[in-house]
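Could you put the whole structure together from the sequences, leaning on the hints where they help?
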Amino acid sequence: MQYLISVALLAALAPPARALDDSALVQTAALARDASLEAKEEDAAALEAEGEDAPAQGDLAKYGDLLSLTVRPVYGPELPFSFRSARRLQVLMHAVTAKLGLKLASATFTHGGKELDPMSTAAAFGIGDKDVIEVSTPALAAEGAAAQARAVHEEAKLQKMHARKEEEDKREAVRS
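Residue numbers (mature numbering (1 follows the signal peptide of the UniProt record, and there is no 0)): -19 to -1, 1 to 157.
Hints may contain errors.
[What the hints assert, rightly or not] Listed next, with one range per pair, are the computed distances between beta-carbon atoms:
{"no.": "1", "residue 1": "GLU96", "residue 2": "PHE62", "range": "16 to 22 Å"}
{"no.": "2", "residue 1": "LYS80", "residue 2": "SER157", "range": "57 to 63 Å"}
{"no.": "3", "residue 1": "ARG145", "residue 2": "ASP98", "range": "15 to 21 Å"}
{"no.": "4", "residue 1": "LYS146", "residue 2": "LEU47", "range": "52 to 58 Å"}
{"no.": "5", "residue 1": "LYS151", "residue 2": "ALA76", "range": "30 to 36 Å"}
{"no.": "6", "residue 1": "LYS138", "residue 2": "PHE62", "range": "35 to 41 Å"}
[Unchecked claim] Only pairs whose alpha carbons sit at most 25 Å apart, straight line, appear in this in silico PhoX-like list of lysine-lysine:
{"no.": "7", "residue 1": "LYS80", "residue 2": "LYS111"}
{"no.": "8", "residue 1": "LYS95", "residue 2": "LYS80"}
{"no.": "9", "residue 1": "LYS138", "residue 2": "LYS151"}
{"no.": "10", "residue 1": "LYS151", "residue 2": "LYS141"}
{"no.": "11", "residue 1": "LYS111", "residue 2": "LYS95"}
{"no.": "12", "residue 1": "LYS95", "residue 2": "LYS84"}
No wet-lab data here; the hints were simulated from the structure. The structure presented is a predicted model; accordingly, all values stated were derived computationally and were not measured. We treat Cβ as the ideally placed atom computed from N, Cα and C, and that holds for glycine.
Structure follows, in structure tokens:
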């Protein structure tokens, strides 16, 4: 705004300014612009110095304490999540399903065996720092069951291989 006022003032004084060269007008406009930028920076610095702690305290009151949670899918690796205690659990549910590539409608979230209420907050539901949230969907349950079946099958194969190897070692010992 100050820049525009300075330019308007210079334009009004244009006939007497013809005696001056154009560089003087450009320098005056630049000085006016620099002065307005410095004023803005000073105002921003003053506001920042006054209210430096206010936004941090406002966030704490508005969103609650920061919780470090572990999300444990039925099948797959555990995921660390940071979450605010005063936020709705619905926010956590959306973030987890998006990260895992699941559909929210089919996902079931539990904490300590109780199903989470999406409209509740972490603090109201009794979720604390370092707690574990379990997530399950039919797709994850099927993947988990298939992985468990593969593991059982592989274990049986390993046991058969060890039994064959022991038999073979016994035969070699008898031959020797």
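Results for each hint:
1. GLU96 and PHE62 have their C-beta atoms about 18 Å apart, which keeps the hinted 16 to 22 Å range intact.
2. The supplied range of 57 to 63 Å is met by LYS80 and SER157, whose beta-carbon atoms lie about 59 Å from each other.
3. Distance hint for ARG145 and ASP98: a CB-CB separation of about 55 Å, inconsistent with the stated range 15 to 21 Å.
4. Distance hint for LYS146 and LEU47: a CB-CB separation of about 54 Å, consistent with the stated range 52 to 58 Å.
5. Separation of LYS151 from ALA76 is about 58 Å and departs from the stated range, judged on CB atoms against 30 to 36 Å.
6. Taking the beta carbon of each, LYS138 and PHE62 are about 37 Å apart, inside 35 to 41 Å as hinted.
7. Taking the CA atoms of LYS80 and LYS111, the gap is about 19 Å. The hint holds against a cut of 25 Å.
8. Straight-line distance between C-alpha atoms of LYS95 and LYS80 comes to about 23 Å, which keeps the hinted pair within the 25 Å bound.
9. Between LYS138 and LYS151 the CA atoms are separated by roughly 20 Å; this keeps the pair inside 25 Å, and the hint holds.
10. At roughly 15 Å between alpha-carbon atoms, LYS151 and LYS141 fall within 25 Å of each other, so this suggested pair holds.
11. Between LYS111 and LYS95 the CA atoms are separated by roughly 17 Å; this keeps the pair inside 25 Å, and the hint holds.
12. Between LYS95 and LYS84 the CA atoms are separated by roughly 20 Å; this keeps the pair inside 25 Å, and the hint holds.
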